[in-house]
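Participant: These are the residues of each chain, in order.
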Amino acid sequence: MEKVYFDSRKCLGCHSCEFACAVEHSQSKDPTKAHLEDEKPIPRRNVKLVDGMCLTLACRHCEPAPCVEACIAGAMQKEDGQVKCDTDKCIGCWMCVMVCPFDAVRPGKLFTIKCDMCPDREDSYACIEACPTGALFVATPEEFREIAKRKEKTTKVEPPI
Amino acid sequence: MKAVIIGNHAAGLSAAETLRKGDPSWDITMISREDVPPYSRSLIGYIVSGEKQVEDIFFKAADFYEKNSIHALFGAEVVKVLADEKAVLLSNGEKVNYDVLIIATGGTPAMPDIPGIRNKGVFGFRDLNDAKEIIEYCDDVDTVVVLGGGLVGLKAAMGLHGRGKKVKVVVGSPNVLSQIAGPLEAEIFEEYLTEMGMEIIPRTSPAKILGKKKVEGIETTTGKKIKCQMVVVAKGVRANKDIAQGADIKTEYGIIVDEHCRTSVPDVYAAGDVAQSPDNVRKEKWMNALWPFAVEEGRVAAENALGKDTVLRARTSMNSLRIEDLAMITCGLTGAREEVEGAEVTTVKGPGKWDSKRFILKDNRLVGFALVGDVAHAGVLTSLITKEVDVGKVKKELFSGKYDFSTMLPLVRENKDKFREPEYEEVFSFF
Numbered sequence: 001m002e003k004v005y006f007d008s009r010k011c012l013g014c015h016s017c018e019f020a021c022a023v024e025h026s027q028s029k030d031p032t033k034a035h036l037e038d039e040k041p042i043p044r045r046n047v048k049l050v051d052g053m054c055l056t057l058a059c060r061h062c063e064p065a066p067c068v069e070a071c072i073a074g075a076m077q078k079e080d081g082q083v084k085c086d087t088d089k090c091i092g093c094w095m096c097v098m099v100c101p102f103d104a105v106r107p108g109k110l111f112t113i114k115c116d117m118c119p120d121r122e123d124s125y126a127c128i129e130a131c132p133t134g135a136l137f138v139a140t141p142e143e144f145r146e147i148a149k150r151k152e153k154t155t156k157v158e159p160p161i
Numbered sequence: 001m002k003a004v005i006i007g008n009h010a011a012g013l014s015a016a017e018t019l020r021k022g023d024p025s026w027d028i029t030m031i032s033r034e035d036v037p038p039y040s041r042s043l044i045g046y047i048v049s050g051e052k053q054v055e056d057i058f059f060k061a062a063d064f065y066e067k068n069s070i071h072a073l074f075g076a077e078v079v080k081v082l083a084d085e086k087a088v089l090l091s092n093g094e095k096v097n098y099d100v101l102i103i104a105t106g107g108t109p110a111m112p113d114i115p116g117i118r119n120k121g122v123f124g125f126r127d128l129n130d131a132k133e134i135i136e137y138c139d140d141v142d143t144v145v146v147l148g149g150g151l152v153g154l155k156a157a158m159g160l161h162g163r164g165k166k167v168k169v170v171v172g173s174p175n176v177l178s179q180i181a182g183p184l185e186a187e188i189f190e191e192y193l194t195e196m197g198m199e200i201i202p203r204t205s206p207a208k209i210l211g212k213k214k215v216e217g218i219e220t221t222t223g224k225k226i227k228c229q230m231v232v233v234a235k236g237v238r239a240n241k242d243i244a245q246g247a248d249i250k251t252e253y254g255i256i257v258d259e260h261c262r263t264s265v266p267d268v269y270a271a272g273d274v275a276q277s278p279d280n281v282r283k284e285k286w287m288n289a290l291w292p293f294a295v296e297e298g299r300v301a302a303e304n305a306l307g308k309d310t311v312l313r314a315r316t317s318m319n320s321l322r323i324e325d326l327a328m329i330t331c332g333l334t335g336a337r338e339e340v341e342g343a344e345v346t347t348v349k350g351p352g353k354w355d356s357k358r359f360i361l362k363d364n365r366l367v368g369f370a371l372v373g374d375v376a377h378a379g380v381l382t383s384l385i386t387k388e389v390d391v392g393k394v395k396k397e398l399f400s401g402k403y404d405f406s407t408m409l410p411l412v413r414e415n416k417d418k419f420r421e422p423e424y425e426e427v428f429s430f431f
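In order, the protein sequences belong to chains A and B. With this note's numbering as the guide, the letters of the first sequence map in order to residues 1 to 161. With this note's numbering as the guide, the letters of the second sequence map in order to residues 1 to 431.
Chain B extracted, bound-state conformation (with noise of 0.2 Å):
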């Protein structure tokens, strides 16, 4: 059988690492624009900032692929999925024939369509070029805007920060990380990050970016202008599903896949940032752009090519953020914009400054929470989420702050038709 992944990174390696284990029969053959080893893009800020070199964030052997016997097919791209030939075509008109293909093709950073986006010194923040680029073009920059306040903007902002840089972090919202905090996080972040000598500007969009060639600041929609020497875009990640189109394969914000990982054409699955996936508390097959569902999908995807039978977990959106000692877990729906009808709200300060929990029920049941500097037993949380059970019997301990495992323990055993994985099983044998 010949497989053909399209990405290299998290959900692409992890389905080509999948794929290998299961088969060693397997042709695999990968296909990335990229030509670099295996590292990790979420590291970037870290290279940006001078903290770590390229080897320190290769998160798989260089070897990787020799060791594997995987064809790597780097530095050529996919323009095309001719389905009915089961072949990928790529740009330099070569055809590569595959039994199953698995389409990991990531993102791009969305650009705004505003005058001189394409002037120098205006950059994305994704991978390890575009790191690259912004060090190489730092040293007469003395102030950055970054466009964008959410998870990517502040990794940006941060990097910049650490190699000496002023940062201003021009946020359209009324606050930072809107998508995944509500205004009560954001804040503490935004005090945060000004004590750290950035500067936050919410509820401003840029109109241009100025300077002729090169960028000398940016003007506001309200005619506002920013000095900067540089501007680093973060205003999200549009899916790279254009190869699937003329293919009959089913997209909408990204590539639509079942927890299977199927797409609506057979033997071609997608995983990762392209993938629109099933989030089971939206009841919606939602943009989940993770680095843990990526990994995942490639699993799950490359499992079932092989011929299991397997599915990925309930999940939902999660997100963690630490910036210096300030750390932040939010799951499900705890975005500014996501109000929830019906729901229970209960937001616990304290006992530090910076310290905050918000908790959302709705029906009894835990839909989102976001906690601030004590993340601590989260994961017993987002279990509660994605496992979706009643949780009134440890409402006080939720409530209070006070919870881990054994507070969830009762529903674990209540609840044995939704605990099913047998590690859950080795914990209560004996009970």
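If we strip away everything but chain A, and leave its shape as in the complex, we get (with noise of 0.2 Å):
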């Protein structure tokens, strides 16, 4: 079980992993596409400036999840340490959008916005492969314990080529 986390020493809120969560759940996948469909895809993840600092968040898989309790059609579940919205079962009563104290999840149109830990994609996430500074990684909550611990970068910046 895996979550996304951020160091938000090298954020520079920049926007990309926004700007990728929104083409990644798009019909198109297309980034010069995405902005043109008929229903604008919505990012799961959302930047901000705070204090002089930036944040980038997205759904922290609370435990025990708050949303997941509050859910009465049974739609959002946590499987493996993730929480995820069958949006076929979600009947958008907004129980979830009332508990979850990280503000990550939102009402949409017909059911609940939130990451879902890209689905259509094997074993990578969009928000991760777009950061341009290594803000954002992937880690198991105890990797993430020792990582937090240690304060210290937790990858390496590539040069932009």
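Fair warning: there could be bad hints in the mix.
What the hints assert, rightly or not - Computed footprint of chain A on chain B, listed as stretches where at least three residues anywhere in the stretch have a Cβ under 8 Å from a Cβ of chain A:
#	segment
1	35-43
2	400-406
As the list claims (entries may be wrong) - Restraint ranges, calculated between C-beta atoms of paired labels, are given here:
#	chain 1	residue 1	chain 2	residue 2	range
3	B	Glu51	A	Glu63	26 to 36 Å
4	A	Lys151	B	Gly246	58 to 68 Å
5	B	Glu284	A	Lys151	36 to 46 Å
6	A	Arg9	B	Asn97	55 to 65 Å
7	B	Ala343	A	Glu122	47 to 57 Å
8	A	Glu122	B	Asp242	50 to 60 Å
9	B	Pro112	A	Glu122	53 to 63 Å
10	B	Pro351	A	Lys109	17 to 27 Å
No lab work stands behind these hints: they were computed from the structure. No experiment lies behind these values; they were computed from the predicted model shown. From the three backbone atoms N, C-alpha and C, an ideal C-beta is built for every residue, glycine too.
Each chain sits in its own coordinate frame; assemble them with the hints.
Facilitator: Shown next, in the form of structure tokens:
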């Protein structure tokens, strides 16, 4: 079970992750066409500037997860440490929106919009791939605790080609 | 160890699942009056409207009991808890022993004691059986009176409206939704429902239900007659706490539990709509009969039964309602009758016709909010209420309606003792 974490020290607030997330959740998955689709894709990750620092935030897959406990339709489920919304079951009652303390579950048109850990990809995440500074990285909670304890830089930054 | 869980819904299932996950060796028995796979009671309105079939509203797989090795004693009723013997007595005289008992018996629709209430065509709106009976009776029905304009009443109204019936919602209060919203929000919904073709009749209570055997209408306390062929009663729910009596389990409106979901009797827990549990805003034990709390209480009861020291999250009443395209989320002291002394109330209307936001502050703490229309970011506000932090710093953003997680970030950083969940640590580790 792994999650996407971020190192705020390396984040420049460039919104690349947000953009890549929106493209990943578009029909075309094409960055030049996604914005032209009838229903504009919505990013599951949001970038904000706070106190002079950058924050990029998506679902924390909480344990226990308030959104899973709040779901009256059985749509929000946690499997292998990851919270996912079964959009066929979701009725858009927004109970999850009411309880998500991280603002990572949003009301869409018909159903809840949240990080789904890129189900159309095999072993990569759109946000991590798009991050030019390596601020976003994947780890298990145990690995993350170790990294955070050492407060080390998590990945080497490759110079742009 | 042997656990007995009475009830087979949100709280009971959550307890069973938690026990099984925590310890594969436990012997788990679930006892329930209903004999159906785990379905969501909150969704029976969709069954009535015809939008969903029964199998669409199952929220656990039908083989849940088998898979989790749970003895399902369904169609059975517990009449008494024999705490001295550590057993429960069933209506057929059988006794079932327990080491740990979790009472998750839920509630029953409160039926007003008026003439005609037993007529054919009068229904509660609680479980699948109610939904099925309503559908069976529906064919010759043209007009339905729904008694009560709370969440359940409006869900019933929507279900029947969806089925093509003329719906009249009769409310004793001046407005619908008076328990969870003020007149401002209620009037928006009343206008919306009226535009949909429903009739809202406020300040009206039924004196009797008309008709010899079948419902032909209702007569109000002022003598006015309203013709209808069906009455759906949604005047609140009474906790099914009778089995606690005689066992010295402390009750008031429900079975009193502490933050560990323990009752006053050792090894007996209560969870869900039957439980009267701590409310951190009201500072007393309260009947917050809500799905999220039922699931949480089931889990917390089970974890404590397993020997862990788990407590309920800080909480107060909260509700989410969506009717067609109009959504509302309220939390805290927002009801029409809940006046907060010395409160600072700010209301923002617009930008859309249906949009409104109301914030209630007391001593710089958010104690309630009601959002209609745009409900995004509501969870941030909910956590500001339940964590009881000083929101003075972010008042401007709150009142302008421009808030999200980043708005409250400074508050989280200043109040690390209150935001202790490890997920906050994840967000702030490198700040």
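Participant: All the hints need checking, so say for each whether the structure fits it.
Facilitator: Hints, one by one, checked against the model:
For the segment 35-43 of chain B, the proposed coverage by chain A is satisfied: 3 residues have a C-beta within less than 8 Å of a C-beta in that chain, meeting the threshold of three. Only when three residues or more bring their CB closer than 8 Å to a CB of chain A does the claim for the segment 400-406 of chain B stand; here the count is 3, and the claim holds. Under the hint 26 to 36 Å, the C-beta atoms of Glu51/B and Glu63/A, about 34 Å apart, fit the expected range. With their beta carbons about 60 Å apart, Lys151/A and Gly246/B fall inside the hinted range of 58 to 68 Å.
Between Glu284/B and Lys151/A the beta carbon distance is about 44 Å. The supplied range of 36 to 46 Å therefore holds. A hinted range of 55 to 65 Å for the beta carbons of Arg9/A and Asn97/B is consistent with their spacing of about 58 Å. For the pair Ala343/B and Glu122/A, the supplied restraint of 47 to 57 Å holds, since their beta-carbon distance comes to about 54 Å. About 56 Å separates the C-beta atoms of Glu122/A and Asp242/B, a value consistent with the hinted range of 50 to 60 Å.
A hinted range of 53 to 63 Å holds for the C-beta pair Pro112/B and Glu122/A, which are about 60 Å apart. Checked against the given bound of 17 to 27 Å, the beta carbons of Pro351/B and Lys109/A, roughly 18 Å apart, stay inside it.
Violated hints are absent here; each numbered hint is respected by the structure.
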